[in-house]
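For the sequence shown, our numbering begins at 1 and goes up steadily by one.
Calculated from the structure, these hints are not laboratory results.
C-beta atoms are modelled at their ideal positions from N, C-alpha and C, and glycine is treated no differently.
Honestly, I wouldn't trust all of these hints.
[To be verified] Using C-beta positions, here's what the derived DEER-type ranges look like: (1) A144 x M427: 53 to 61 Å; (2) G385 x G94: 42 to 50 Å; (3) G385 x L274: 36 to 44 Å; (4) V99 x L274: 22 to 30 Å; (5) A442 x G270: 44 to 52 Å; (6) R355 x G392: 36 to 44 Å; (7) H96 x G291: 57 to 65 Å; (8) L359 x H96: 44 to 52 Å; (9) A354 x F130: 25 to 33 Å; (10) P438 x V195: 19 to 27 Å; (11) G270 x V99: 33 to 41 Å.
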Amino acid sequence: MNKQIAENTIPDRAVEGWSSRIGFLLATVGAATGLGGLWRFPFIAGENGGGAFVLLYLVFVILLGMPIMMAEMAIGRLGQHSAVGSIRRLVAEGRHARVWQSIGLLSVFIPFFGLAYYAVVAGWSLDYLFLAATGALDAATPDASRRAFQSYTTAPPRQLLLHAAFIVMTVVVVSRGITGGIERASRIMMPALFVILVALAIYNMATGAGAEAADFLLRPDFGKITPEVALMAMGHALFSLAVGVGMLITYSAYASPAYRLPSAVAIIAGANTLVAILAGLAIFSVVFGYGLDAGEGPGLLFVTLPVGFALMPGGRIVATLFFLLVVFAAYTTTIGMLEPVVAWLDEKLKWGRARLAWLAGAGAWLAGILPVLSFNVLADWHPLGGIRLLAGKTMFDLYDFFISTALLPLNALLIALFVGWALGTRMTGDALGLGSGPGFRAWSLLLRFVVPVAITILWLKSW
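Can you build the whole structure from these sequences, using the hints too?
In structure tokens, the structure reads:
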């Protein structure tokens, strides 16, 4: 009876999937490796205990991040559909409360609006790649770099065009399907990303302050580990791995049953951490080597680093490679954001992947217009200024707050509760191939008790 319910409410599964395990891994690592690993993690690690923070982060990745990633992948493997379709199938088959279907809806809503504003910053990386390659950054000084960045971001036509260009790039890949689009692009970009990153880390450490950068990022200072810092490490461990976005559910639905998902999770988490550490070494070797101010966020990438590149030998080549790296990191992430939306639309409408990818991309571009304009003509518009928590936030800030601070943790919490308590870890553990040994028992304990408490603490603290 339950099976019949599911068959009556869920469309047939699309037959396309990953052509190989390496393709699945490269695409998933790419989607999880975003700009935050380049501009935020290295700085807060260095400022908050260096190697001690990194060690604490890795502990939380193992205890919190990996269990929730495995839960999402179990949903995809069991559901064999888009995030919405997978949740609907599992809810119908198990006769669970329909409120759990909100997980599927959030797993489409979050990446859609996430793409809308993430592509704004991704567009800046495209702009700076062109500027670096043409030599426009060769003579950058601190004041000139700051003025140039402000000039670029306050030009509405330029920003709207860059935002559109990045979304078009994303649509082109997603419209071509899993193997011919996402997997093929990932097989090119991810190896290139790692080669460029390793080369930049080696060169920048050799020509800049490599020892100082390594000391800043890796030397353990346990005296700086406070409860506040521990919460910071916990937050990064949970939300730097693309949990709650819907990508892991969707990508795992395309994975062959022969793929061992627990080992895939370990590889994804390890690769994500390696990228952040190598990026930190590459970036802060330049920052410290040329007496620049260490910081985080877009200012580090688009204001501070161009000054360092202008001062170092071979700066134009280094700058071009660096911003190509940033473009690749952003590109693989936006692809991972668009795919859950297109997968759901394809199940629901069946108009053809290409047409639906362009439709979703157009919608994301329209939804991103207000965040784009919040850096220029709408910079002084604070639509929810009457609410103390949201006072002073532009539309870009509001998108970021509601997606990253409010909805992502909520969806991750719901996923942990759904898999841990509603579905039950026995069924999902079997789907993951965990068996019934110590590994399964540890995962079950962490997912059912530790992860929900940790997410709740982080979520409440952010308000």
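Each hint tested on the structure:
Hint check: A144 to M427, Cβ distance near 60 Å, so the stated range 53 to 61 Å holds. Checking the proposed 42 to 50 Å range against G385 and G94 shows it holds: the Cβ atoms sit about 45 Å from each other. With their beta carbons about 42 Å apart, G385 and L274 fall inside the hinted range of 36 to 44 Å. For the pair V99 and L274, the supplied restraint of 22 to 30 Å is violated, since their beta-carbon distance comes to about 39 Å.
Here the CB-CB span from A442 to G270 is close to 18 Å, at odds with the stated 44 to 52 Å. In this structure, R355 and G392 meet the distance hint of 36 to 44 Å, their C-beta atoms being roughly 41 Å apart. Checked against the hint of 57 to 65 Å, the pair H96 and G291 passes, with Cβ atoms roughly 59 Å apart. For L359 and H96, the hinted distance range of 44 to 52 Å is not satisfied, since their beta carbons lie about 31 Å from each other.
Judged by the Cβ atoms, the range 25 to 33 Å given for A354 and F130 holds: they are separated by roughly 28 Å. Separation of P438 from V195 is about 38 Å and departs from the stated range, judged on CB atoms against 19 to 27 Å. For G270 and V99, the Cβ-Cβ distance of about 35 Å falls inside the hinted range of 33 to 41 Å, so the restraint holds.
Hints 4, 5, 8, 10 from the list above are not met by this structure, while the remaining hints are.
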